[in-house]
Amino acid sequence: MQNLGINVFLKGRNMIRLFEGLMVTARIALIAIIIGSLLGIVLGVVWTSKSKWIRSVCRIYLEMFRIIPILVWLFIMYFGVTTVLNIDLSGEFVSIIVFTLWGAAEMGDIVRGALESLPKHQIESGKAIGLSFWGLYRYILIPQAVRRMLPGAINLATRMVKTTSLVVLIGVIDVIKVGQQIIETSRIEVPTASFWVYGFLFILYFVICYPLSVLSRRLENKWNG
Amino acid sequence: MHKEANEVLLEIKGLFKKYDDMTVLDDVNLSINKGEVVVILGPSGCGKSTLLRCLNGLEKIQGGDIRYRNKSLVDKDVNWQEIRQHIGMVFQNYELFSHMTVIENILLGPVKVQKRDKNEVMEQANQLLDRVGLLDRKDSYPRQLSGGQKQRIAIVRALCMNPEIMLFDEVTASLDPEMVREVLDVILGLAKQGMTMLIVTHELSFARAVADKIVFIDKGKICEISDPDEFFTHPKTERAQHFLNKFQY
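Residue numbers (this note's numbering), protein chains in the order written: chain A, 38 to 262; chain B, 8 to 256.
Worth flagging that the hints you see were computed from the coordinates, not collected in a lab.
For each residue, glycine too, the CB sits at the ideal point set by N, CA and C.
Some clues are possibly wrong.
[To be verified] Just a sample of chain B residues kept apart from chain A, beta carbon distances all over 10 Å, derived:
no., residue
1, Val-15
2, Met-29
3, Asn-63
4, Arg-91
5, Gly-116
6, Arg-164
[What the hints assert, rightly or not] Calculated lysine to any residue pairs in the SDA-like style (CA-CA distance at most 20 Å, straight line):
no., chain 1, residue 1, chain 2, residue 2
7, A, Lys-259, B, Ser-105
8, B, Lys-243, B, Ile-232
9, B, Lys-125, A, Gly-172
10, A, Lys-87, B, Gly-64
11, A, Lys-157, A, Leu-178
12, A, Lys-259, B, Tyr-148
13, B, Lys-119, A, Ile-160
14, B, Lys-67, A, Pro-180
15, B, Lys-122, A, Tyr-174
16, B, Lys-228, B, Gln-69
17, A, Lys-259, B, Phe-104
18, B, Lys-199, B, Asn-36
19, B, Lys-119, A, Trp-171
20, B, Lys-122, A, Gly-172
21, A, Lys-87, B, Gly-71
22, B, Lys-119, A, Arg-175
23, A, Lys-157, B, Lys-122
24, A, Lys-157, B, Asn-40
25, B, Lys-119, A, Gln-159
26, A, Lys-259, B, Asp-146
27, B, Lys-243, B, Asn-36
28, B, Lys-83, B, Phe-23
29, B, Lys-83, A, Ser-169
30, B, Lys-119, A, Phe-170
31, B, Lys-67, A, Ile-160
32, B, Lys-119, A, Leu-178
33, A, Lys-157, B, Gln-99
34, B, Lys-67, A, Phe-170
35, A, Lys-259, A, Lys-157
36, A, Lys-157, B, Asn-169
37, A, Lys-157, B, Glu-177
38, B, Lys-122, A, Trp-171
39, A, Lys-259, B, Tyr-26
Could you build the full structure based on these sequences and the hints that come with them?
Following this line, the structure appears as structure tokens:
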């Protein structure tokens, strides 16, 4: 039995620790996805403004997250900003901030694209029955845009879940870090631990991300059918 | 058809409209009485659709005045959301809201904008749908309907707001020929009931049948306003004559 690497999960609190790590990962991703999406919707609506100035500001904000790697953002916020402002922020808090800002930027772009792709007649028809600016967005534009932006939004969510693996590098003990610790401590007794632990992580990420893509396909079919 | 009522609902005075440097409407004067059916004819690009869009606040005008019930619609503080409930409009592209069923499309304005009782509106919607022969399609989505059906629903959607005036902007122009009739019949029915309407169309025989007054526009100007029979038999202007000739083989 000793050579059966899978036993590594049964030793001590290993399974519970992995689960705790998973919770940290899920918490960062979930909070960032929810708040980021809400901010992103607001950003997307603002982005469709006719003002060139507003559009440029939104564009620059997005490009800052597209051009600068998320890892660098995490480092700037965790090591840079905290020392300059002389404040103490936990790695998890910084991670949530960075992922939320990133999510909002990408989501804003997705929402903008969806809104701009809607036919102009839909807006005019809405106006013709007396809808106000907000009524137009609430009853016509947002519901239609949601259907169009869903594939992109779900894709963004899975990307965000996967990218949380970077938070290890600012000291957050997420599911990957816990996995590494387990591999380290079992190196002698279970030489194949890395296969089993990373294999388990592989399955975990799949379990989180796969339902999202199933959901997106279901909704798309429902709205198209 | 309803010439007895002489109350002026809509009055257009010296209307001037341009896009950038191009003048689209130049010194347009027209008044529409309650119950009157006015058909606007003219070659493509003459500005007739733009005229309708100005009346509904979808286009800004650069000069002149539009008065609805003697209230100017050119003032800065005009509440278009309010005005549009009285001046309904149906477009060429029969744009129903694609994510809503037929009945949801119809109820949206009366219930959410006018805050009317849902059951009362539902009853009215059912009657109107029945009248255009589409009661059985009330739970369908727009994508399940033909162009002619969609356009009839769009008319019902506008009517359900209880407008005082209806604007029809080439509502049959993008329909298959065999569906034109069913839509025109609905409009003809409205005319018989005394609805005040401003209609832009290319269907000349329909225009002749439905109109109380024909307005002929060319190059942004009103060239002639005539009685329909007179317009089609003895047009006053050469341009109108020329326009009518193009439709004869």
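Which earlier hints can't be squared with this structure? 3, 4, 5, 6, 14, 18, 21, 23, 24, 35, 36, 39
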